[in-house]
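Chains D, A, X and P, in that order, give the protein sequences. As numbered in the working numbering, the first sequence has no gaps in its residue numbers, which increase by one up to the final residue, 325. As numbered in the working numbering, the second sequence has no gaps in its residue numbers, which increase by one up to the final residue, 650. As numbered in the working numbering, the third sequence has no gaps in its residue numbers, which increase by one up to the final residue, 1003. As numbered in the working numbering, the fourth sequence has no gaps in its residue numbers, which increase by one up to the final residue, 1356.
Because the hints were derived from the structure by calculation, they are not lab data. Don't be surprised by glycine CBs; every beta carbon is placed ideally from N, CA and C. There could be a bad hint or two in this list.
[Claimed, not checked] Ranges between beta-carbon positions, derived for each pair: (1) P:Ser1353 / D:Asp325: 22 to 28 Å; (2) X:Gly859 / P:Val1312: 39 to 45 Å; (3) D:Trp283 / A:Pro509: 46 to 52 Å.
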Amino acid sequence: MAELTYRDAVAAAIAQEMRRDETVVFLGEDVAWAGGVFKTTVGLLDEFGEKRVRDTPISEQAIIGAAMGAAMTGLRPIAEIMFSDFFAVCWDLIANQIPKTRYMTSGQVIMPLVIRTANGGGVRFGAQHSQSIENWAMMIPGLKVVAPSTPADVKGLLAASIRDDDPVIFFEQKSLYADKGEVPDGEYVEELGKAKVLREGTDATIIALAAMVPRAMKAAERLQAEDGISASVVDVRCLVPLDTQTIFAEIRKTGRAFTVEENPRLCGWGAEISSLAMEECFWDLDLPLIRITTPHIPLPSADALEDEALPSVERIYNTVREGLD
Amino acid sequence: MAELTYRDAVAAAIAQEMRRDETVVFLGEDVAWAGGVFKTTVGLLDEFGEKRVRDTPISEQAIIGAAMGAAMTGLRPIAEIMFSDFFAVCWDLIANQIPKTRYMTSGQVIMPLVIRTANGGGVRFGAQHSQSIENWAMMIPGLKVVAPSTPADVKGLLAASIRDDDPVIFFEQKSLYADKGEVPDGEYVEELGKAKVLREGTDATIIALAAMVPRAMKAAERLQAEDGISASVVDVRCLVPLDTQTIFAEIRKTGRAFTVEENPRLCGWGAEISSLAMEECFWDLDLPLIRITTPHIPLPSADALEDEALPSVERIYNTVREGLD
Amino acid sequence: MARKPKAPAKSKAAAKAPANSGSRLNDDIGEDKRLKMFQLQLEVRHLETRAHDLFLQNLVKGTSHLAVGQEAIASGFATAMRSDDYTFCTYRGHAHTMVRGASMTAVLGELMGRECGLLNGKGGSMHLTSVEHGAMGSYAIIGAHLPIAAGAAWKSQYLGTGQVSVCFFGDGTTNIGAFHEAINMAAVWKLPVVFVCENNLYMEYTPIGDVTAVEHPAADRASAYGLPSIIVDGNDADAVYRVARDAIEMAREGGGPSLIEAKTYRHFGHSRADPAKYRPEGELEEWMKKDPIPMYRQRLLDFGIGENVVSSIEEMVMKAVDDATEAAKASPEPGSEYLFKDVWADGGASWRN
Amino acid sequence: MARKPKAPAKSKAAAKAPANSGSRLNDDIGEDKRLKMFQLQLEVRHLETRAHDLFLQNLVKGTSHLAVGQEAIASGFATAMRSDDYTFCTYRGHAHTMVRGASMTAVLGELMGRECGLLNGKGGSMHLTSVEHGAMGSYAIIGAHLPIAAGAAWKSQYLGTGQVSVCFFGDGTTNIGAFHEAINMAAVWKLPVVFVCENNLYMEYTPIGDVTAVEHPAADRASAYGLPSIIVDGNDADAVYRVARDAIEMAREGGGPSLIEAKTYRHFGHSRADPAKYRPEGELEEWMKKDPIPMYRQRLLDFGIGENVVSSIEEMVMKAVDDATEAAKASPEPGSEYLFKDVWADGGASWRN
Ligand SMILES: Cc1ncc(C[n+]2csc(CCOP(=O)(O)OP(=O)(O)O)c2C)c(N)n1
Ligand SMILES: Cc1ncc(C[n+]2csc(CCOP(=O)(O)OP(=O)(O)O)c2C)c(N)n1
Ligand SMILES: [Mg+2]
Ligand SMILES: [Mg+2]
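Pulled out of the complex, with its shape left as it was, chain D reads as follows:
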């Protein structure tokens, strides 16, 4: 085990997969010579050369189109979209072309590609560089959606995403880039579609994703310490495929569930989990499932305002405590 940052785990996973499979290629803006604007891909150009690690123009449609065309014809491209907000400038490729082509052609092609992107807020970048858009991807049939919360998961799930024969949207939460954690040495690959129970509890179940996971953990510790409330915490990790088994099992154990979403409220992934829990766990629920989300507003940039908008440890703690009252 080595300690790596969330940021460094990205390059580690890509390097691991590029070493074992020559068809893995990587493209994006400022990813090669500069090592990425978040320094997530430092060293890849040196190791794999300009043929496999390519800088592109500011042409997101060309980037994603290139990834799609290459994937359909035999490569396994990884494309970086610098900020997830920029999915909006290549959304046709992501939402209309990549996920539908296999189905529309009755299975004539596979589409093994990964789109990596820096997602989420908390770094004072304002409303157009801070969105948490996992739900944009989740709502599109044909996309797999991954959002890790730890360096180990970055490595294991990114490797799994690269090996997957379907298109995977891989959200790196930018507020986590500096986080450190133990990452298994050597070849390390996790499985897509498995949630993880990070903390077992008996009174409440907190379901979180990405940057909301460490916050949920802190809130759970505080609930235990200050109120004797025992909360389990589930890290969803993959929105598609969704591990409803693990999530439902944890909901059923406590009968009191909370989701913590960084996205603005309407049609967030928590809504989907809530509606699924409604349909399939209704009789096991002692209380309604409560959603904790960023309010349905664009994200402001000033520290004070941004901190107030995003779900905080404090807000999670208070909501669970009051919810159980």
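Please arrange chains A, X and P with the ligands on chain D, whose structure you already have, making use of the hints.
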């Protein structure tokens, strides 16, 4: 009252508003000389001239950008995006620019514009011309979202959308274009943000939108006729602002609720309503709210397959009947 | 209207034609390729016309976009392509898919939503694809396939397979952003891709000149990507073939992309719903005089090919279209088992466990 | 480095200069405008440098993109614009917002996330906007504001207000789709909009030449929209002013859009996080010799303006920046009441009843 098609009600509303307000202008592909590919805007060029009714290149970003720039500086543009699927090629303007600019500038601008589009399936156009994407718009803070089910609502709600000082995404369900209905003569304006109870019932509440509304009505009639089940039907009409008061009141009356969505399941508007009902009507629910949706797949084009994918009268009828068992 | 082949202007390969060819047929194109191009053009013409008839009989559902009048482009390019080259085209793609080798039955079956369809009825008229023939898809949202074609070319470049991607699109498509992004990146990366604008004068119902800042929507933009301006008579299969051959050869040899504008005209409206009333009087008639098929037929005769050879091809094609029609009509609708198939690579559609 | 004003090549307005001007200051630009441009350039330089210092003190949060080195462009254009003309710019927009009249306190306050900020801290460094001064916004996603600027120009054209939109963007932006769509439509509609590419040689950290198929990313594309190719020395405020004046005048008179490429260089890295190590050795030094501000200062002296006039402007600007810094520091953080304000035109944020 005159009988108009859903299609003709579009031009009627635009003409009504262009007559009373010179700042209303209209642009899109093939909308002027050709009267729109769905013939929704026939006659507008003749009445209002080329200065106000403008054909554009196939440049959706330029179309929506033009609407935004004009709206910020004093006009009230209506832009047509031919098929809602094409929102994906101008999604940055729709999701990142138009809805956030007022908030980001702390209220320095208003953004009075309408984006009209033909939405939904049922006409064998395949996966890239048939999507129901109301949830794409609903999930973006700062957009109002309207989706009428009748010719009268098309006229009244489109007029209201044009008069509204906020950006409104106006979904015309293309499978309804040929539908006829009574439309009030003379100036007619409805209010945004009001759901409509189309049918009062005591046993179940069916909540539907756009093309799913007539199907829900037929299913309700069949439930009454064949099973003596009395179902109320709520036409949501506006997703933002959402008339939770009316919706919740109807849910509470029966304690058994069903949503009918044309969109693929994950993160559809029904999920949001389900999660809201969970949080706010939990103790009034006798049964879990059940969602009826298109399965989470791209839409196939062959008649037989498309019909099977979209929620049908049959499926709504069966789901409600079995749900109440 | 040119009845005789023009001198192959600026065509490298022209120099390769036998120095003292006895017959004009022994030029840089030759008899076999000419007969092939004639047959392909006829196949497209009759298949498209049949699709139109079937629509009138309500057997073709949804929409469909016919390439009648534009046959020379698909046929000229297909004849110049290597069998493992890639075609990317638009909703107006029946022609481009079939000329690469997809069966007529599968094409008509798809338009009719039958199980025998190329896509088992799941894609429809606008998405014809036949990967086994290198027809990598018909794309229905304007512009998307230009960067995708560049991506396939990137694959070929990376693996050194020598395959070339050929990407067809309309005049209206030159005004969308993806056009600009794809061609710039293809030029910078020197990708083996040939971009072909089929300029049929109209976007949907709007004349291209009304919405475009330059006269030649593709050719006048080539210099923005450091590429030469190339215009070809899109109704002359020989001319198309020569331009195609040269561009493909250059791409295959590492010379990078080309942008070609082929001038043509569609005889029908934009799609099945369109009676094309917006066309100025006489325009269609003028273009009917330049109909690629009678022109090419006459050229074959002028070159000394027997009327019997020509008409036997015509009969064969008609019969093939008739047979395909019957076969497609006989095919059942796809069963529900297709509905939840092939969202994912594992063959299924499940988004949860 | 030009120490003296070049002859205003191809400048219509040059002809309007008094025939026998005693002093060179009485040319088509004149003393007042030159002093204004000098002052504006200084204001930008010192405000940006201050922003950099405040970032080092951790008082500026998030990101920020400085225009140090590029001051002549913002200043030359602002001086040529009418007060009701519109500016649209990018995240690198402090300069463009301030030269239109926004207060330094409001700019610095916004960077520091204070209530006194132009946007009350809600937008941040990348979104400076001052509608009352015609600064219609800084846009942070590449390309978006080109069509938006065209839209504002459409408004001016429709209502006949004579207002012109000026839209600034970088070299890297010329490769994104929105660039292509906006300029084509503006040209077809003959909109009163001036598109200005500030070519500072780099997109973010990648040299523009590595990712662009032509040498001059904007100028070499002008012909794709039927527009003339215009290149100007972006470090010479006088040259910029002249080109700006002519393009704006033409737009105002109904002559349609222009596309101008201004060659320049940014002295700092792309954004606060960037030490700009990717620049070849000596490149910065070469460009420092062409620093627009010392060059312009010398020109004023050469033209006979007194050293005392020049240095009093310098002192005034420094004091203004110091005062603004203090005022911004003294401003509180925005209170929670701002959080749920102004999503909608009614002032609120409610999405339900
Ligand atoms: C992004 C997008 N906008 C609009 C359309 C609707 N549309 C379909 S075909 C077409 C015209 C295309 O014209 P052109 O590129 O000249 O091709 P042609 O149909 O003439 O072959 C339009 C506007 C679309 N499919 N995608
Ligand atoms: C669509 C999009 N892609 C990428 C980015 C990230 N990005 C911000 S600035 C920039 C470079 C822009 O270069 P240029 O247009 O030359 O402007 P400059 O920063 O040099 O002024 C990039 C790639 C973005 N903001 N938007
Ligand atoms: Mg065309
Ligand atoms: Mg630059």
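- Query: Falls inside 39 to 45 Å, the C-beta gap from Gly859 of chain X to Val1312 of chain P?
  - Reply: Violated - the Cβ-Cβ distance for Gly859 of chain X and Val1312 of chain P, about 56 Å, lies outside 39 to 45 Å.
- Item | Cβ separation of Ser1353 of chain P and Asp325 of chain D, checked against the hinted range 22 to 28 Å | Hint holds: Cβ distance 26 Å, inside 22 to 28 Å.
- Message: Assuming the hint says 46 to 52 Å, is it satisfied by the Cβ distance from Trp283 of chain D to Pro509 of chain A or not?
- Response: 47 Å, holds
In this structure, only the earlier hint numbered 2 is contradicted, and the remaining ones agree with it.
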